[in-house]
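Generate the whole structure from the sequences, applying the supplied hints.
Here is what each chain is made of, one letter per residue.
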Amino acid sequence: MTSVLRRIGFALGLPIVLLAAWWFASAGSTNFFFPPLSEILDSLVEEWFGPRLAADVLPSILRLAAGYAVAAVGSVALGVLIGTSRAVRGFLEPVLEFFRAIPPPVLVPIFMLVFGIGDGMKVIVIAFGCMWPILLNTVEGVRAVDSVLSDTARTYGITGSTRLRKLVLPSASPQIFAGLRQGLSVAIILMVISELFAASNGLGFAVVQAQRSFAIAETWAGMLMLGLLGVLLATLFRIVENRRLAWYHGLRRAQRSS
Amino acid sequence: MLDVRGIKKVYEGKGRTVEAVRDLTFTVDQGELVCIVGPSGSGKTTLLKIMSGLLAPTAGEVLIGGKRVDGPPPGMAVVFQEYGRSLFPWMTVRQNVELPLKQKKLTAARRQELIEESLAAVGLAEAHSAYPWQLSGGMQQRVAIARAVAYEPQVLLMDEPFAAVDAQTRADLEDLIRDIWHRFQVTTLFVTHDIDEAVYLGQRVLILSSSPTVVREDLAVDLPDARDQLTTRSSPRFAELRAQVYAQIHRPKEPAAPEVPSGATR
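Top line first, the protein sequences correspond to chains A and B. Per our numbering, the first sequence starts with residue 300, numbered consecutively. Per our numbering, the second sequence starts with residue 5, numbered consecutively.
By construction, these hints were calculated from the structure, which means they are not laboratory data. For clarity, every value in this text was computed on a predicted model and none was experimentally measured. Check before you lean on any hint, since a few could be wrong.
To be verified - Simulated DEER-style distance windows between Cβ atoms:
{"#": "1", "chain 1": "A", "residue 1": "361", "chain 2": "B", "residue 2": "15", "range": "39 to 49 Å"}
{"#": "2", "chain 1": "A", "residue 1": "383", "chain 2": "B", "residue 2": "109", "range": "23 to 33 Å"}
{"#": "3", "chain 1": "A", "residue 1": "458", "chain 2": "B", "residue 2": "124", "range": "52 to 62 Å"}
{"#": "4", "chain 1": "B", "residue 1": "79", "chain 2": "A", "residue 2": "383", "range": "26 to 36 Å"}
{"#": "5", "chain 1": "B", "residue 1": "239", "chain 2": "A", "residue 2": "388", "range": "25 to 35 Å"}
Ideal Cβ placement from N, Cα and C applies to all residues, glycine included.
Given below as structure tokens:
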């Protein structure tokens with residue numbers, strides 16, 4: 300129990316020091332662009348955890364969730380296909396390399412032309428941007444299935460969809476999770492970027508809107524909100540990952556200690 | 005039960021062909037425990053992969069119960085040398101044993117029965133919910149053996165299963181194999197490079213030459229059925245048999261038969 304408290308204290312130590320430093324350094328600030336932290340926090344609570352939570356934060360999170368989910372499911376499925384078939388790999392790889400090389404923000408103007416300016420476009424931008432790390436890691440993971448394990452499955456007649464569910468996906472899951480983690484941070488970035496263009500709500504939209512209307516405290520608070528959202532999502536991700544990959548971490552520990 | 009007829013395997017590489025197995029013919033009867041012993045690099049693993057349907061032979065055929073093998077046959081279980089890479093690390097011991105049984109579409113009650121019985125037979129009745137990597141090497145190989153036994157195969161193939169465990173564990177596992185073979189009456193083919201192990205375990209020992217492989221000798225082991233690490237291994241007959249196997253393995257090779265293409269030897 301005390302060790303848990305110590306760990307929490309240790310983890311929170313630096314953030315508290317930084318916030319305190321910010322608080323005192325900005326306390327009497329009269330600089331228009333650097334308002335006191337107290338003002339920023341007021342705005343965070345009143346605006347971002349107030350009306351903006353439903354009006355802007357929630358739509359952002361929903362688009363993020365939709366884009367990320369589409370990318371995750373699609374990339375894992377495509378990754379399994381590419382990873383298992385040399386023919387598919389040879390056929391698709393050059394094209395995929397090309398698409399991967401395009402910085403996703405650049406696609407926003409084009410996607411706006413093709414898909415309009417609604418939620419659909421934003422979801423597609425998020426999905427398109429964050430699919431690459433997931434896809435590439437899945438391909439690597441699927442290709443790296445152990446040959447002895449694969450032979451074992453074959454001798455026991457484990458083929459087709461059972462092989463996929465019981466052998467290929469679990470075996471690739473450490474890499475898939477690594478890809479998903481990278482994909483998540485890309486997705487958050489693209490969530491904001493997609494809202495900078497032709498949007499009427501969302502975190503990215505609201506931050507830019509606040510800045511343009513010189514609501515400086517609210518702009519700062521929006522940045523804090525994005526940071527908090529990122530931390531929250533990363534924490535949720537880690538909880539899921541630790542549960543799903545408990546076997547992998549155990550295996551690694553066992554291999555290291557032997 | 006198991007018929008191996010004129011098996012030949014030539015690996016075609018770039019500008020170089022390697023004849024791994026030249027001509028192997030032997031049979032294993034129902035319920036027999038036969039050891040295959042040969043020097044390292046004698047194509048033992050190639051032979052095992054061909055028998056288990058994981059690899060197609062260049063010529064010849066393998067029959068199990070009269071049926072030709074062309075892909076992993078349903079009535080066969082294989083225990084690999086690399087236990088650490090043959091158990092599914094994301095599954096518990098129990099799930100590892102159960103997976104092939106589910107694939108065989110057995111009822112839950114029957115699966116339960118087989119899991120209990122096989123894990124008890126290998127001395128791991130307490131380890132159902134452990135993960136393989138929480139167990140020692142010898143215990144992991146026991147799980148692999150339990151999984152194979154629970155599958156109720158017609159033929160059990162073992163590919164140097166104890167090559168990677170320590171000597172004491174190895175002796176225990178050898179006795180376990182004899183015990184399991186008695187108990188489940190399963191036709192067992194045990195591949196090893198260890199001469200003592202082959203003589204100690206087998207009713208028969210098939211001695212292979214170095215590659216390109218042929219059968220040097222098919223030796224009946226006339227030791228008493230009840231074997232014991234101490235008394236069996238120190239008996240004069242054991243020493244004679246082991247000397248005989250040793251001599252065969254180290255006998256210089258006769259020149260290759262003229263009809264074999266040149267460049268095939270390694």
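Cross-check of the supplied hints:
1. A:361 with B:15: 39 to 49 Å: 57 Å, violated
2. A:383 with B:109: 23 to 33 Å: 25 Å, holds
3. A:458 with B:124: 52 to 62 Å: 30 Å, violated
4. B:79 with A:383: 26 to 36 Å: For residue 383 (chain A) against residue 79 (chain B), whose Cβ atoms are near 28 Å apart, the range 26 to 36 Å holds.
5. B:239 with A:388: 25 to 35 Å: 59 Å, violated
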